[in-house]
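Colleague: Using the sequences provided together with the hints, build the complete structure.
Protein chains in written order, with the working numbering: chain A, 1 to 157; chain B, 1 to 713.
The hints are simulated quantities; they were obtained by calculation from the structure and are not laboratory data.
Don't be surprised by glycine CBs; every beta carbon is placed ideally from N, CA and C.
One or more of the hints may lead you astray.
Claimed, not checked - Ranges between beta-carbon positions, derived for each pair: (1) B:P94 - A:G20: 48 to 54 Å; (2) A:N118 - B:S96: 35 to 41 Å; (3) A:Q84 - B:K225: 24 to 30 Å; (4) B:S289 - A:Q84: 56 to 62 Å; (5) A:E43 - B:E253: 28 to 34 Å; (6) B:P227 - A:N118: 43 to 49 Å; (7) A:N118 - B:N645: 30 to 36 Å; (8) B:G241 - A:E43: 22 to 28 Å; (9) A:E43 - B:P227: 29 to 35 Å; (10) A:L62 - B:A388: 32 to 38 Å; (11) B:A251 - A:P64: 19 to 25 Å; (12) B:S296 - A:E43: 22 to 28 Å; (13) A:N118 - B:D166: 55 to 61 Å; (14) B:D157 - A:Q84: 26 to 32 Å.
Stated by the list, open to error - Listing some non-contacts, in silico: residues in chain A with all C-beta distances to chain B over 10 Å: (15) S2; (16) Q8; (17) P15; (18) D54; (19) K72; (20) A113; (21) K117; (22) S122; (23) T153.
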Amino acid sequence: MSKVAELQVNGKTVPVSAEGERSLLSVLRDDLDLTGSKYGCGEGQCGACTVLLDGAPTRSCLYPVGSVGQRKITTIEGLETDGQLHPLQEAFLKEDALQCGYCTSGMIMAGYALLQKNRDPSENEIIRAMTGNVCRCGVYQRIIAAIREGAKTLQAK
Amino acid sequence: METPLPARAGESRRDFFKTLGSGVMVLFLVPAALAQEAGSAGRRRRGAQAPSEVSAWLHIGEDGAVTVFTGKTEVGQNIRTSLTQAVAEELRVPVSAIKMLMADTDLVPYDAGTFGSQTTSQMASRLHRVAAAAREVLLDKAADYLKADRASLTVADGKIFKANADRRQAVTFGQLTKGQKFTKTVDDSTVVTPASQWTIAGTSVPKVDGRAFVTGRHKYSSDLKLPGMLFAKRLRPASFGANIVSIDTKAAEAMEGAKVVREGDFVGVVAPGSLEAEHAVNAIKVEWSAPEEQPSSANIFEYLRQNVVPGGGRGGREGGAAPARADGNEPVAAPVADQTLKQTYTVAYIAHTPLEPRAAVADWKEDKLTVWTGTQRPFGVRSDLANALGIPEERIRVIVPDTGSGYGGKHTGEAAIEAARFSRAVGQPVKLVWTRQEEFTWAYFRPAGVIDISSGARNDGTLTSWEATNYQSGNSGLQSPYKISGGDQKTTFHSTRGPLSIGSYRALASTANHFAREVHMDEMARLLKMDPLEFRLKNLSNERLRAVFEAAAKAFGWGTAKASAGHGFGIAGGTEKNSYIATCAEVLADTASGTVKVLRAVTAFDCGAVVNPNHLKNQIEGAMMMGLGGALFEAIEFKAGMITNPHLADYRVPRFTDLPKMEVVLIDRKDIASAGAGETPIVGIAPAVGNAIFDASQVRLRSMPMVPDGLKG
Numbered sequence: 001m002s003k004v005a006e007l008q009v010n011g012k013t014v015p016v017s018a019e020g021e022r023s024l025l026s027v028l029r030d031d032l033d034l035t036g037s038k039y040g041c042g043e044g045q046c047g048a049c050t051v052l053l054d055g056a057p058t059r060s061c062l063y064p065v066g067s068v069g070q071r072k073i074t075t076i077e078g079l080e081t082d083g084q085l086h087p088l089q090e091a092f093l094k095e096d097a098l099q100c101g102y103c104t105s106g107m108i109m110a111g112y113a114l115l116q117k118n119r120d121p122s123e124n125e126i127i128r129a130m131t132g133n134v135c136r137c138g139v140y141q142r143i144i145a146a147i148r149e150g151a152k153t154l155q156a157k
Numbered sequence: 001m002e003t004p005l006p007a008r009a010g011e012s013r014r015d016f017f018k019t020l021g022s023g024v025m026v027l028f029l030v031p032a033a034l035a036q037e038a039g040s041a042g043r044r045r046r047g048a049q050a051p052s053e054v055s056a057w058l059h060i061g062e063d064g065a066v067t068v069f070t071g072k073t074e075v076g077q078n079i080r081t082s083l084t085q086a087v088a089e090e091l092r093v094p095v096s097a098i099k100m101l102m103a104d105t106d107l108v109p110y111d112a113g114t115f116g117s118q119t120t121s122q123m124a125s126r127l128h129r130v131a132a133a134a135r136e137v138l139l140d141k142a143a144d145y146l147k148a149d150r151a152s153l154t155v156a157d158g159k160i161f162k163a164n165a166d167r168r169q170a171v172t173f174g175q176l177t178k179g180q181k182f183t184k185t186v187d188d189s190t191v192v193t194p195a196s197q198w199t200i201a202g203t204s205v206p207k208v209d210g211r212a213f214v215t216g217r218h219k220y221s222s223d224l225k226l227p228g229m230l231f232a233k234r235l236r237p238a239s240f241g242a243n244i245v246s247i248d249t250k251a252a253e254a255m256e257g258a259k260v261v262r263e264g265d266f267v268g269v270v271a272p273g274s275l276e277a278e279h280a281v282n283a284i285k286v287e288w289s290a291p292e293e294q295p296s297s298a299n300i301f302e303y304l305r306q307n308v309v310p311g312g313g314r315g316g317r318e319g320g321a322a323p324a325r326a327d328g329n330e331p332v333a334a335p336v337a338d339q340t341l342k343q344t345y346t347v348a349y350i351a352h353t354p355l356e357p358r359a360a361v362a363d364w365k366e367d368k369l370t371v372w373t374g375t376q377r378p379f380g381v382r383s384d385l386a387n388a389l390g391i392p393e394e395r396i397r398v399i400v401p402d403t404g405s406g407y408g409g410k411h412t413g414e415a416a417i418e419a420a421r422f423s424r425a426v427g428q429p430v431k432l433v434w435t436r437q438e439e440f441t442w443a444y445f446r447p448a449g450v451i452d453i454s455s456g457a458r459n460d461g462t463l464t465s466w467e468a469t470n471y472q473s474g475n476s477g478l479q480s481p482y483k484i485s486g487g488d489q490k491t492t493f494h495s496t497r498g499p500l501s502i503g504s505y506r507a508l509a510s511t512a513n514h515f516a517r518e519v520h521m522d523e524m525a526r527l528l529k530m531d532p533l534e535f536r537l538k539n540l541s542n543e544r545l546r547a548v549f550e551a552a553a554k555a556f557g558w559g560t561a562k563a564s565a566g567h568g569f570g571i572a573g574g575t576e577k578n579s580y581i582a583t584c585a586e587v588l589a590d591t592a593s594g595t596v597k598v599l600r601a602v603t604a605f606d607c608g609a610v611v612n613p614n615h616l617k618n619q620i621e622g623a624m625m626m627g628l629g630g631a632l633f634e635a636i637e638f639k640a641g642m643i644t645n646p647h648l649a650d651y652r653v654p655r656f657t658d659l660p661k662m663e664v665v666l667i668d669r670k671d672i673a674s675a676g677a678g679e680t681p682i683v684g685i686a687p688a689v690g691n692a693i694f695d696a697s698q699v700r701l702r703s704m705p706m707v708p709d710g711l712k713g
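Modeller: Right under this line is the structure:
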């Protein structure tokens, strides 16, 4: 796989110099210092590394950076605008939907992707969309509440 | 009072003020005997720095900034918030005015570690005292400053003013601390605000640095980057205890940028990138010695029974067999029982599976080693590093960023030691992050265990005898809280040999022993044809335990009709570390399809005065959720010295789809000192679910996990 020279990250074109076989997660974290996306399993089983590729939630730990091309990458660092948290981030705080916080970026990105597609997801739709994301601290009930809360705020906008 | 500050060997009080700036400092002194005890619990070795008698301190700078120094670690249990509340409460300042400096061995006083639910019961209590004393010092100074009667002064929002006077004449903390180099020591006798008068402690203060987590800005150990930092990867043995027979590293050495490090059987590669390091390690040709004969997960329970460590047995209380009777007489013969029951219960080895695997960044520079790592024992890991590397502790600094969870699984510093060895070998900073497979294989596990229980009871529900024996998984929670009429219970714990590395886990032994006891109680209730709750209450005199059982049953609707066939109700409870818990569960169980779905779980919990209701509820919900994994499907499988399911695809952890409707009832006892709550809430869910499965299906399950392959009729 050839070298990757640039990526579209959080609305900007960013120069990189990375072997294409490397994982997108490694390039984001080690080369671009975007460490909000986490390594949890390296097997696509936990969702801690979830980023969006053209809006679709993607396991960046398994995704070769050489396959990204011109697709737009959105990471947790791209959700704030002008120092304002995204309503879903606010909702995670309001619902206390985290303990250690290590899964939180992946949870928010998976939830964000869901809300882009479905403005008013039911509890079952949230569970189906999110069940690939593991929270070992077990705050699932609160994460569901946060996604519903975020949806409410977004609808009111 | 002149007090040496033992943060760093040789550091004097003057140095300390030089570092922190002038101001007022209050230190908490632990009685020497306690400090020694804490030291031995932390597995200190000869030659290590003696444990400090100072366990925490607080500094108020000339700008009024309040900084608290403690060796405790934040792993998601939200103690950064609860400890801040303790200080804010006593100092009468907003939570946002306090900086909590935690778990940096160069800056904070010695601490044995963050485990055993001691942060709230001990450290919070000490910080209340430290902050209360600081407030009193400031009041003394304010009385001089304002030339006012001390009794007429009020403290609020970081200012002190005369009651009934214009608040604009208030003096700030900073004005009072300016130019001061004042220290005071306090101990357990310092008076603190009673919980009934709390205004900040006792409230649902949000996670103090929550914004850093929802934005991804918080830097865990695995997120850190130093100039010139390289990535390391260790070559792992083919099985536990294997040694290198032959090795050829030429191909790895030939790879660009890769440097092979070999110190005996410690072998690995350091490279500019993590993938390069991985490729180079994979290029090493190595032959490992064959594993010795070892038991597998298929025959582990027989193995544990047959491999008791002689002399390793302990009674349920501080050694010996049954506790002596208070009257000094031999126990009377147990009254004749109408029903007797003898059963065996087992629990499997399980993995903590913290979502942040072990990780460390080590920087070995001019004989000084700095390591950032996620551990629950920063000072213990400093000792372990000193021993592993042969340098004095004084030259080692361990810093623990708020960590991606532990659950008792991060008492050790394996990644820290590995990263330090690699950094020393290459003379550059090194990052080392365990893969999930390494975490599943080379970390330690919650021990497997076998528990035998024999009991007797009369037809009216009175328990007449109780004998419980635990093999390997531990003593805690083995003693039953139920009264035994006319006799004493007998409990025995046997240490055993075992094939896997074992260690702490959130309420490890207590989870196993509560499962065994509370399922056994359910079985006996069924034999007696009594309601399981009624049977428990008949044998319970402890008011706090009765209260949580009654509260959980009420919130759950115990005794009401079930929705339909296939639904079952179960109840369980107990006490651990001065907290009381009862959990009710409703399941849907179907032997035809093998499906078990936990529909509802209600836990009532009493840990004394509640410090942060919302965070406490979060802990309890999380513990129930985590506990479902061990209850239903989590089990480490192994044979021939290797873990055979070291992946999340093969080791099933609870997910969104496993979530029951959860409800938590808090019993806030403002008259009782707060106890920790990170562990005890996990002990009720497994037996409650097991008992509910029986209620639904008449299938009695006595092994955790209960349904790894579905429910069989």
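Colleague: It remains to establish, for every hint, whether it holds in the given structure.
Modeller: We went through each hint and held it up to the structure:
1. B:P94 - A:G20: 48 to 54 Å: Since the Cβ atoms of P94 of chain B and G20 of chain A sit about 51 Å apart, the hinted range of 48 to 54 Å holds.
2. A:N118 - B:S96: 35 to 41 Å: Check passed, 37 Å falls within 35 to 41 Å.
3. A:Q84 - B:K225: 24 to 30 Å: holds (27 Å)
4. B:S289 - A:Q84: 56 to 62 Å: Holds, at about 60 Å.
5. A:E43 - B:E253: 28 to 34 Å: Since E43 of chain A and E253 of chain B have Cβ atoms about 30 Å apart, the given range 28 to 34 Å holds.
6. B:P227 - A:N118: 43 to 49 Å: Given range 43 to 49 Å: holds, Cβ gap about 45 Å.
7. A:N118 - B:N645: 30 to 36 Å: The hinted range 30 to 36 Å holds for N118 of chain A and N645 of chain B, with Cβ atoms some 35 Å apart.
8. B:G241 - A:E43: 22 to 28 Å: holds (27 Å)
9. A:E43 - B:P227: 29 to 35 Å: holds (32 Å)
10. A:L62 - B:A388: 32 to 38 Å: Hint holds: Cβ distance 34 Å, inside 32 to 38 Å.
11. B:A251 - A:P64: 19 to 25 Å: holds (24 Å)
12. B:S296 - A:E43: 22 to 28 Å: Since S296 of chain B and E43 of chain A have Cβ atoms about 24 Å apart, the given range 22 to 28 Å holds.
13. A:N118 - B:D166: 55 to 61 Å: This hint holds: roughly 57 Å between Cβ atoms.
14. B:D157 - A:Q84: 26 to 32 Å: holds (28 Å)
15. S2: Given that every Cβ of chain B is farther than 10 Å from that of S2 of chain A, nearest at about 15 Å, it holds.
16. Q8: Fine: 19 Å to the nearest Cβ keeps Q8 of chain A off the interface.
17. P15: Non-interface label on P15 of chain A holds, nearest chain B Cβ at 17 Å vs cutoff 10 Å.
18. D54: Nearest chain B Cβ is 20 Å from D54 of chain A, so the label holds.
19. K72: holds (18 Å)
20. A113: Label holds. Min Cβ-Cβ 15 Å, cutoff 10 Å.
21. K117: holds (17 Å)
22. S122: Fine: 13 Å to the nearest Cβ keeps S122 of chain A off the interface.
23. T153: For T153 of chain A, whose nearest Cβ neighbour in chain B is about 14 Å away, the distance exceeds 10 Å, so it holds.
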